[in-house]
Amino acid sequence: MDRIEEIPKFAFVGNSHMAFWALDIYFPQWKCLNYGAPGEGLAYMESFAADTSDCLAVIQFGSNDIYGLNDENVDDYVERYVKAVLAVPSLKTYLFCIFPRNDYDDYSTAVNKFIRMLNQRIYEKLQGTDIVYLDVFDRLLLNGRLNPDLTIDDLHLNGKGYSILAEAVKQAVNL
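In this note's numbering, the protein residues as written are 2 to 176.
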């Protein structure tokens with residue numbers, strides 16, 4: 002008798018980057034649940050209560066929290082961030098880095114330098130866990146800023162941007 006392989010089930014959890022992702026287009030062969038919530042960040046992740054224990058979880062959040070962070074509270078944020086990710090029940094968890102963004106008032110790259118540092122601290126804190134870290138930060142950048150060819154508004158991704166994310170997930174999951 003032939004063995005029928007079960008179609009993988011994924012839970013995409015996080016902010017608007019997850020909420021606006023047309024999962025059925027990028028992953029037509031997978032069962033995808035979308036728990037993305039526009040405008041949300043750490044507080045949403047800390048209160049996330051959906052039962053995703055039978056899913057592979059793909060998580061991305063943090064860009065909505067950036068402007069509330071500074072040198073004095075970043076370590077506490079990283080601690081809470083990693084704890085929230087680890088609390089999401091799943092068969093396996095894939096965590097995207099915090100994506101770059103562009104400031105609307107100038108062409109500064111300061112926010113993305115800060116996000117790079119924050120991502121590095123999160124990555125270091127994840128060492129020793131089973132979380133698979135998906136670092137697409139540099140692939141989304143152009144001259145220190147979120148590549149305008151990958152966005153619709155200097156923050157949210159377009160189809161080209163989501164193709165980068167989909168490729169990273171497929172490569173990591175290896176299905």
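Hints in this document: simulated from the structure, not taken from any laboratory. Don't be surprised by glycine CBs; every beta carbon is placed ideally from N, CA and C. You may find that some hints are simply not true.
[What the hints assert, rightly or not] Pairs of lysine-lysine residues, derived as DSS-like cross-links and limited to a Cα-Cα distance of at most 30 Å, are as follows:
#1 K32 to K10
#2 K161 to K93
#3 K10 to K84
#4 K171 to K126
#5 K126 to K84
#6 K114 to K10
#7 K171 to K114
#8 K114 to K84
#9 K171 to K84
#10 K171 to K161
#11 K114 to K32
#12 K10 to K93
#13 K171 to K10
#14 K32 to K161
#15 K161 to K114
[Stated by the list, open to error] So the derived label-pair ranges between C-beta atoms look like this:
#16 N175 to I67: 25 to 33 Å
#17 K84 to D139: 23 to 31 Å
#18 E168 to E73: 20 to 28 Å
#19 I26 to E73: 39 to 47 Å
#20 D107 to Q30: 40 to 48 Å
#21 K171 to D55: 28 to 36 Å
#22 V174 to T110: 26 to 34 Å
Take a quick look at whether K32 and K161 sit within 30 Å of each other, Cα to Cα. holds, 22 Å
Take the C-alpha atoms of K161 and K93, compute the straight-line distance between them, and say whether it is at most 30 Å. Holds. K161 to K93 sits at ~26 Å (cutoff 30 Å).
Next pair to validate is K126 with K84; report whether the Cα-Cα distance is within 30 Å. holds, 10 Å
Going straight from one Cα to the other, do K171 and K10 come out at no more than 30 Å? holds, 13 Å
Given the hint of 25 to 33 Å, check if N175 and I67 actually sit that far apart at their C-beta atoms. holds, 32 Å
Pair hint outcome, K114 versus K10 [Cα-Cα no greater than 30 Å]: Since the Cα atoms of K114 and K10 sit roughly 35 Å apart, the hinted pair is violated (cutoff 30 Å).
Please work out if K10 and K84 have their alpha carbons no farther apart than 30 Å. Holds, at roughly 23 Å.
Check whether the Cα positions of K171 and K84 lie no farther apart than 30 Å. holds, 25 Å
Restraint status (C-alpha distance of K161 to K114 at most 30 Å): holds, 23 Å
Has the hinted range 39 to 47 Å been met by the Cβ atoms of I26 and E73? holds, 42 Å
Do the Cβ positions of K171 and D55 conform to the proposed distance bound of 28 to 36 Å? Given a distance of about 20 Å, which is not inside 28 to 36 Å, the answer is violated.
Given the hint that K171 pairs with K114, test it: the Cα-Cα distance must not exceed 30 Å. Given pair K171, K114 holds - Cα atoms ~28 Å apart, limit 30 Å.
The structure is inconsistent with the numbered hints 6, 11, 18, 21, although it conforms to all the rest.
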